[in-house]
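**Q** Following the hints, complete the assembly by docking chains S, F, X, L, P, U and G onto the known chain W.
Residue numbers (my numbering), protein chains in the order written: chain W, 1 to 256; chain S, 1 to 256; chain F, 1 to 256; chain X, 1 to 256; chain L, 1 to 256; chain P, 1 to 256; chain U, 1 to 256; chain G, 1 to 256.
Note that these hints are calculated values from the structure, not bench results. Since this is a predicted model, take the numbers as computed values, not measurements. For glycine and all other residues, C-beta sits at the position ideal for the given N, C-alpha and C. One should not assume that every hint holds.
[As the list claims (entries may be wrong)] Pairwise CB distance ranges (calculated):
| hint | chain 1 | residue 1 | chain 2 | residue 2 | range |
| --- | --- | --- | --- | --- | --- |
| 1 | P | 15 | W | 98 | 46 to 56 Å |
| 2 | F | 31 | S | 6 | 51 to 61 Å |
| 3 | L | 19 | F | 102 | 51 to 61 Å |
| 4 | G | 248 | X | 31 | 31 to 41 Å |
Number of protein chains: 8
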Amino acid sequence: MKSTREILEGVQSGRLSVDEALDQIRGLTVEDLGYARIDHDRVRRRGFAEVVYCEGKTPEQSAEILARLAARGASNVLGTRASAETFELLKRSVPDAEYHPVPRAIVVRRGPERQIGSVMVLAAGTSDLRVAEEAALTASVMGSRVERVYDVGVAGLHRLLREVDRIRKSRVVIVVAGMEGALMSVVAGLIDKPVIGVPTSIGYGAQLHGLTPMLGMLTSCVPGSSVVNIDNGFGAGYLAHMINELGEGAHGHRED
Amino acid sequence: MKSTREILEGVQSGRLSVDEALDQIRGLTVEDLGYARIDHDRVRRRGFAEVVYCEGKTPEQSAEILARLAARGASNVLGTRASAETFELLKRSVPDAEYHPVPRAIVVRRGPERQIGSVMVLAAGTSDLRVAEEAALTASVMGSRVERVYDVGVAGLHRLLREVDRIRKSRVVIVVAGMEGALMSVVAGLIDKPVIGVPTSIGYGAQLHGLTPMLGMLTSCVPGSSVVNIDNGFGAGYLAHMINELGEGAHGHRED
Amino acid sequence: MKSTREILEGVQSGRLSVDEALDQIRGLTVEDLGYARIDHDRVRRRGFAEVVYCEGKTPEQSAEILARLAARGASNVLGTRASAETFELLKRSVPDAEYHPVPRAIVVRRGPERQIGSVMVLAAGTSDLRVAEEAALTASVMGSRVERVYDVGVAGLHRLLREVDRIRKSRVVIVVAGMEGALMSVVAGLIDKPVIGVPTSIGYGAQLHGLTPMLGMLTSCVPGSSVVNIDNGFGAGYLAHMINELGEGAHGHRED
Amino acid sequence: MKSTREILEGVQSGRLSVDEALDQIRGLTVEDLGYARIDHDRVRRRGFAEVVYCEGKTPEQSAEILARLAARGASNVLGTRASAETFELLKRSVPDAEYHPVPRAIVVRRGPERQIGSVMVLAAGTSDLRVAEEAALTASVMGSRVERVYDVGVAGLHRLLREVDRIRKSRVVIVVAGMEGALMSVVAGLIDKPVIGVPTSIGYGAQLHGLTPMLGMLTSCVPGSSVVNIDNGFGAGYLAHMINELGEGAHGHRED
Amino acid sequence: MKSTREILEGVQSGRLSVDEALDQIRGLTVEDLGYARIDHDRVRRRGFAEVVYCEGKTPEQSAEILARLAARGASNVLGTRASAETFELLKRSVPDAEYHPVPRAIVVRRGPERQIGSVMVLAAGTSDLRVAEEAALTASVMGSRVERVYDVGVAGLHRLLREVDRIRKSRVVIVVAGMEGALMSVVAGLIDKPVIGVPTSIGYGAQLHGLTPMLGMLTSCVPGSSVVNIDNGFGAGYLAHMINELGEGAHGHRED
Amino acid sequence: MKSTREILEGVQSGRLSVDEALDQIRGLTVEDLGYARIDHDRVRRRGFAEVVYCEGKTPEQSAEILARLAARGASNVLGTRASAETFELLKRSVPDAEYHPVPRAIVVRRGPERQIGSVMVLAAGTSDLRVAEEAALTASVMGSRVERVYDVGVAGLHRLLREVDRIRKSRVVIVVAGMEGALMSVVAGLIDKPVIGVPTSIGYGAQLHGLTPMLGMLTSCVPGSSVVNIDNGFGAGYLAHMINELGEGAHGHRED
Amino acid sequence: MKSTREILEGVQSGRLSVDEALDQIRGLTVEDLGYARIDHDRVRRRGFAEVVYCEGKTPEQSAEILARLAARGASNVLGTRASAETFELLKRSVPDAEYHPVPRAIVVRRGPERQIGSVMVLAAGTSDLRVAEEAALTASVMGSRVERVYDVGVAGLHRLLREVDRIRKSRVVIVVAGMEGALMSVVAGLIDKPVIGVPTSIGYGAQLHGLTPMLGMLTSCVPGSSVVNIDNGFGAGYLAHMINELGEGAHGHRED
Amino acid sequence: MKSTREILEGVQSGRLSVDEALDQIRGLTVEDLGYARIDHDRVRRRGFAEVVYCEGKTPEQSAEILARLAARGASNVLGTRASAETFELLKRSVPDAEYHPVPRAIVVRRGPERQIGSVMVLAAGTSDLRVAEEAALTASVMGSRVERVYDVGVAGLHRLLREVDRIRKSRVVIVVAGMEGALMSVVAGLIDKPVIGVPTSIGYGAQLHGLTPMLGMLTSCVPGSSVVNIDNGFGAGYLAHMINELGEGAHGHRED
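Chain W on its own, in the form it takes in the complex (with noise of 0.2 Å):
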C-alpha cells in the first residue's frame, strides 16, 4: 500500500528500525482480545470503523468489541443484530451507547456530525420495515441524509408513481421489497440513479425465504441495479453511503 514507501523510506534513512518496519507493515493496528482481532485500521483503509454482527457472538463478546471500537473513537461505531442484553451490557462502560429496537442496532456516535447528499430507502410494504430501518439506520450513522418512503409496493402502482419526483432528487436508492420483489425493477425503470436492491424474506412458500425476490432482482430487466443478501439492509445502507460520498463532488482517493 501507499504507505510502505514511506515505511521503507523510514528504513533507509534510519528513522525506522527494520523491527519497527515490520510491525508496521504486518499492520499493528490489530487489537488481539483472543477470540476477536479488532481491525482499528479499517477507518484509514475504508473510511469507517469494523461493523460488528453481533449474531453468534456472546453478548458479552459484543460488548466487548464495541466498546474497544467506541474508546477508539475514530468513527461512529455500529453493532447490528444486537440483543437488548448485549446493549445493556454494553451501555454500563459507554452510556451513551443508543439501542434502536426496530433493526436491533446499538450505535455509539463517536465520528463528525455529517448529513451529506441523500439516500433514497423505499420499502415495498409494511412487514419489510425491519430491514428498512437498518438500512436508513447504517447509511445515516455513515453520514448520510436519508429519505423514507414505505409501503408503495406494486400492488398500488399509483402510492408509487406519486412519490416518483421525490425519489428521483435523491443520489441511489434503496429497495427493500419480499414477496417476489417486482418493486425494484419498476423503480430502476423509473429514474436515473444507482438502485440498491433488498430482497426480503418476507412472504411464504415459494417465497423461499426470500431467494425468490433475490433471484428476481438479479435478472431484473432493468440495468442500473444490484443486489445483496437476504435482509441485509445493513449492506444497502453501507453500500449506499459510499455511493452518496462520491456524489460530494471533490472526494478523491482516502489517503491522497
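**A** Just chains S, F, X, L, P, U and G, lined up with the frame of chain W:
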C-alpha cells in the same frame, strides 16, 4: 358420471347387455394404437379434443394421432411443439392441416368457428414471442377472440400504462414474461380480471431457465393471478379460453 | 386510465385547477399512516378492498389498517393470517368484526351481500383444511356461493368419483392438496371448468414444505388448470371469485 | 458368507492350501481387464449376471465386457444405454447378440428360458415408451412374463379404469410416468400389489428433468409403492423381477 | 372393477334397483365425518384398512377416525405420527388400543394374527431407530414376521458382513440409513432379495434433512432396490409386507 | 412525472388540446414495430438509450431495433449478446456500426464523447475476459474512462496486492470472477469505493454455472459491495457508469 | 485383511477351530447393546476408537456407549454434540470424563499422551469458534499439537498476512469459515501444506445454512485443499490428525 | 513473509534501493501477458508451478502460458482440460511436451524426477477413468509414485476387499466414484490413511451431474475423509501429493 345412470337404465330395461354396459362404463371411446390410446371422450367431457404434445414422440406417432383426431371431426385439433417434419407427414393424409412456425404448432380446423369474448395476451419482451404466440393460437383455436400487446416490460412502464384501458376490457389476461417476470404483478394490480402468468425461460444465470419468474409470479404480492408452467403458452391459452367461455353468461355445465 | 380524460376535461373547462388535477392523477385516494399507505382506490380499480396480510406486521398495525378500511365502508374487509390478539385489538373499534380461527382470518362485513354462481373447494385430506377454509372464506366474503368437498384424495378414488357430478356443476374449482398433489390433475381431467391448484405444505421429507406438489401441479399433464403459492388459500379464493363473477354474464369491464 | 465355512473346512482338512483359501475368500471369480473387473460371482450371489451400463464407456470397453460375460454363459447378459456402434462391435464376437433400439439395450441369451408370474408395465404417455420398454425388456430377460398397458395417463382416467382388473392380476406393477407423475398414486390406490414408480424426464420447465415426478412419487399419499431413479427403466425391471420371483412360492434363499 | 359385473348382474336380474346400484358403484363404503371421508372399502381393495397419518390433524379428529376404523373391525388399525394425547383420547372409546412411543404409533388389533415369511429391518445407526421401528411395527401389524439388525453402518463393515447369512434368509429387506445412506447399496450388492431404502434425516449440513441419502439411494449403482420418502418407515413397512405376502406362494389377486 | 405539470399547464393555457395532452402523458415516445415497442423516452428518463439484448431475438429483429435507435441519434447505441450475423445485417443500414467480438457487442456511436472519472474492471482469470470486456465496453460506451486489471485471482494474492494503489484511485470497481468468486471480498476489504461483483459461469461441478460465486458474493463478509446476475458484464458496466457519473460532483437530477 | 492369513494359519496348524476362525473373521470384536454395536476393532483398523455422535441418541444410550469404550481403554474416547445431561450421566460411571462446553464434546483420556507435529486451526470470525474448537479438540485428543489463529477473515486481510509465517510452519491447516468462506482460498494460495476447509452455517439468507461457503470451498481456484461437511469441526480435526501423523516420518501402515 | 525481512535488511544495509525493494515486495515474479499474469513465484511459495486450467481460454492463450512456464523451467508444467489443438500449438515451441488424451492433460517435464511414497487411486467404475487418470497423472507429475485399483464399486464388494491390504500400504488414497459415491465411505472405514473423495458426474437423473455423490461424500458417516469438486481429479491428485510429501518425514516448511 351422469350418463352412468342412463347406462344402468339401459341394462334395467334390457336395452343393453351387461357386456355392452361394461364397455360403455369403461369408456369404449378410447381408440388404441398400441403406443397411444386416443381419448375421443374428451370433447364430451372437457369441451375440446385431446391436444397432442409432440415432443418425445416420433413424427410418425404424432402425425397418426393427429390424423385420427381430425378424422373424428369433433372439434378443432391442436398439436403443440410439433416439428415441420411431423407437419409434412400429416399433410399427406390431412391436406388442410396448418403449420404455425413461431409457436411450432399444427392446427386442423374441424370445430365450429367461434370468436367469443376476448383473451388478452401480453408479452414483456420480443424474446417471449414464441410462448405468447402459442398461448394466442391455443385460445383462438378453441374459439376465443384474442388480442395481443407485446414488448411492454416494466423497464419502460409507460408502454404498458397507455394500454391499460384496452387490457381492462378483455375478460382474461395472459402475461408472458421472462427475466424476473415482474410484469405479471404490475398488470394484476391495475385491472379487475383474472390474470394467468406464464414465466418464460428467457434470461440467463440466476434466471434458472425460468424458475425465477415462475417463483416470482407464484409469490406475487397481488392477488387475482395464477401461474402455469414455464414456457407453457398452451396451458395458459387453454385455461384462458375456459375462463373466457364462462363469461358467455348462460353457460351451464356441459352435459345438461 | 379512463378517468384521466375526465380530469383533463375538468382542467380544460376550468372546473379543476392544475394542482387539484395533479392530486387526482396521482391518486389522492391513498391514506398514509407512515408505516403503511392504504390504497382506498383499490375497490374502484380491482373490485374489492385491499386485503391485509397480517403476518410480519404488529397487531397494532394490522388492527389500525383494518379499522381504516372498515371505516371507508366500500366493500367487505378481510385480514388474513391474523392472530387472535389482532382481532381483540380490532374489536375495540370495530365491534362487529368476526374472527375465523381455522383459517385465522378477520372479516368485517361492509359490502353488499351477494352469493353469485358457485365456487367449489376440494381438499385432498383432513390436514389441508386450514388452507381450504381460507380459500372458501375469501371467495365467500367477496360474494361467491361456496361449496366444499373434503378428504377426497386419490388414495381412495371412488370418494372423488361419486362427487364428480356435483363438482362439474360449479363455475370454478379450487383443489387444495398436500403430499404429491395428484388430486389436481385427476380433477382437471374429469371436468370442463377452470381448476385452481393450491399446493399445501402437508407432508415431510421429499415434500419439501409444499414445493413438490407445487411443481407437480405446474407440470400437470392436464390443461385447464393453474397454480397459486403453497398454502395460499387466500389467493385461490380471490381468483376463483373473479372467475366466478365473469360467469354472471352481463359483466362488462368495471368502469363502464 | 456361507461358503466361507466350506473353504475353512477345506483348509482344515488339508484339501485347500492357505493361499488357495485366501484366493477363494478374496473372490477369485473376478476377471480383471485393467479398466474393469468383471464380477462373475454375481450370478451366484444375486441370481443374475452383472448388467453393463454402457454410457461413459467406450464401445470397445462395453463390447469386451459383454463378450466376456456371454462367454461365461451363466445367465442372460444385458447391456443398457448401449449404442448401435457397441452392438456392431459385439456382434463380431457374439453373433447371436440382439439389439433393441427403443430402449437402446443389448441382450445375449445364455440363461434358461423362463416366463414366471407376471410383471405389469404401465406408461402414462407415448413419450415414456423408451423407459417403459427398458423396464419390460429387463424383467423379461431376467425371466418374467411381462404385460404392457401404455398411454393411460390421468388426463383420461377411464383409459386406466377399464384396465384395472387386468392390472390387479399381475404380481407387481411398474408405473412409468413423466410430467407430474400422478399416475403412480392413482394406480397404487386401486390395487393390492407392490407398485414401482419410474419417474421420467418427459416434460419441461418446472418438471426439472424428472425431479418433479420423482419427488411426487416419493411423497405419494398412497402406501405400497416405492421409487427408482429418473428414467431408470432398468432398475424397475430388475426389482420387479426379483419381487415376481418371490411369488413363485417355494423360493428359499439362493445358496441353500 | 371386478364387482361392477356383479352389480350389473344384480340390476339385470332385478335384485338391485338402479339407485342401489349407483350407490354401490359410487362406493357407499365411505363414511363421511365432514372433515374426513373414511374409506371402508380399502380392506377389500388393498388388503388393509386405511392408515391414519395423525400429523396435521387435531387429536380429536385422529382419535375419532381411528375409533371408527376399529369399530368396523375389518383389519388391524394403525395410526402413525400420533401424539400421546391422541392415544389418551382414543383409549376412552377403544380401551385395547396400544401406544408405541419410539415410532409414535397407535395400534388397535382387529385383524387375524399372522406372522408370515419374514421382513428384515436394518438400521445404519442408533439414531435411525425411530424410523426403523415404524417400519418394523407397520409390517408386523399387517401380518409379517419381522427381524431387526441395528447399528450396522458401513463405518464398521464387519458388523454387517457377519449378519449377511441371516439377512439373505429373509424375503425382503428394509435398509434405514441417514448420513449418506451408503448402507443400502452395500446390502443390495450382497443379497438376492428386494431391498427398500429408507433415507433418514439424521445428519446435518450437506445431509439436507435426508435429501442426500435419498438421492444417493435413488442413484445407487446396485439394482434390486427402490426408495421411499425420507423418514417414511411406515411406507417401507407397508410395501415390505406386500412383497412378503407375495412369497406366500398360492397368493392370487385379492378378489378371486 | 415532473413534466406532467407542464402538460397540464399547456392544457390550462389552451396550448395543448386534451387529446394532445393524453398522447403526451401516455408516452408517445414509443415506436411500435409490432414485435417490439422502442422506448425512445428512455434517454430522457434514464440518461441512456434502451440497450438491446439480442439473444432470443431474430437477427432481423435485433438489427431493425438497433437501426431505429441509431436513427434517433439521442445517445450511443448498444446491442449485447449480438451475433456477427446481426452485425452484418445492421451494417447495411448503419455503416459505422462497430462489432466487438470478445464481448459479442454492437456499438453505434451517436452520443457525445465523454471520458469521465474512472471505472476499474478486475478479472480473476483469463477465462473471465468475455464478461469483463462486456462490462468495460458498456461503461465506456456510456461515457466512463475504464481501466482494466486482469488475472489477479486469489491463488496468487501478490498479483492483486501490487495493484491496490491503482485500484483505490478509481471511483467504482467491478470485480469479475468465476470459480468461488473470492476475489470480490478480498478487493472490497482493501478499498473504500463501491464494488460491483459479477459472478461468472467459469468452473464446473459445484460451481453450478455461476450460482456458487453469485451466492458467495451475496454473502460476502465485507460490506460496500453488491452483485449483479451471473455473466452480466453489461449490468455491471451500466451501474458502474451511473455511480461514476455521481462523482462528477455538480450532478443534479436529470430533468432540472 | 492382513490378519486373515494368521487366522487361516491358525486353522491349518490346528490352533484354531473352524468356528473360532469364523468368529474372528466375522469380527467378534463387536459388542452388541441391542440399539448399538460397538466396534472395538476400530482402534486396530483405524488407529482411534469409534467416536460417538451423540445427537439423535438418548443421553442414556450415549453415556452407555461412551462408558463401554472407556472401559475398553484402548485409546482416548470422544463424544461429539453431547449434551451436559449426557455428561452428567456418564460421570457417574466414568468420574474422570471431561466436558468441553464450547464444542459440546466429552473426552475420556485412556490413550497415550502425545503431541505430535502440529495442526493449525484458523477461524474467519468470532462466531465460528464453536466449530473451530471442535476441530482443535478432536485433533488434540487424537494426539496432535494444535495451534489456533482466530478472527482473521478477509475483510481485514492484514490480520491474516501477519500470521502467514506461523501458519506455514504447521503440517496441515484447518480453515473454519462461514459467510462466503473466502478465507480458505486465500490461505491455500499462500502456503504449501494441505488445507482442510470447514464451511460453517454462520450467516443468513443466501448463505443457505452453510451451503454457500461449502460450494465455494469446493470450487476454490486454489488447489491443495479439500472440504468436509458444514460445521463438521470433528471431521476436519480427525483428518488433520491423520495427515499430521504421516509427517512423523517412519510411519508405515498400521498393522506391520 | 519471511523474505520480507531479508529485503528490509537489504534496504537497511544499502544493498537494495527503495524502488528495488518495492518491486521485490510487490512480487516482480509476475509475468504480465495482458490477458494473463503468470505467477512465477508459485514454485517458491507452494512447491509447484502454476497449473493451467485450459477450459475457457483460447488455445493460443493456453499454449503461450504453458510455454512461458516451461521456459522458466522451475518445475514440471501441467495443463488440464486441454484440447489436442492446444497441444499442437504448444508443440511448435515446446517439442517435448506430452499429451495425455484420457485425462486431456498436457505435461512438460522440467522438474526433478521423483517417485516418493505412494498415492493410491481407486475408481468405482470404468466410466470414472477419465477423472481417475487426471488424479493419477497430477500426483505423478508432481513427484508421487501412483498406484491404481479400478472398477471396485460396492456392487461387488469382494473386488474391493481383496485389495484392502494393498490399499492400506499407500500413504493417501483417492476414491473416484460417480452414481451415489458409496465407495468412499466403505474404503475410509477399512483403512487408517487420509481419503480424498472425488465425486464424478457419471450417472443420470437424481445423480444431478455429480451433486449427489458430492453431498454423500461430504456427509459420510466415516471420518478421515474430505472431498474435492465434482470430476476434479486434478485437485485430488494435487492434494494427495502434498499429503504424500509430508510422509517423507524430515520435511520442514519450504523456505527454511
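**Q** Please go over all the hints and tell whether each is borne out by the structure.
**A** Now the hints, each set against the structure:
no., hint, verdict
1, P:15 <-> W:98: 46 to 56 Å, "holds, 55 Å"
2, F:31 <-> S:6: 51 to 61 Å, "holds, 59 Å"
3, L:19 <-> F:102: 51 to 61 Å, "violated, 35 Å"
4, G:248 <-> X:31: 31 to 41 Å, "holds, 38 Å"
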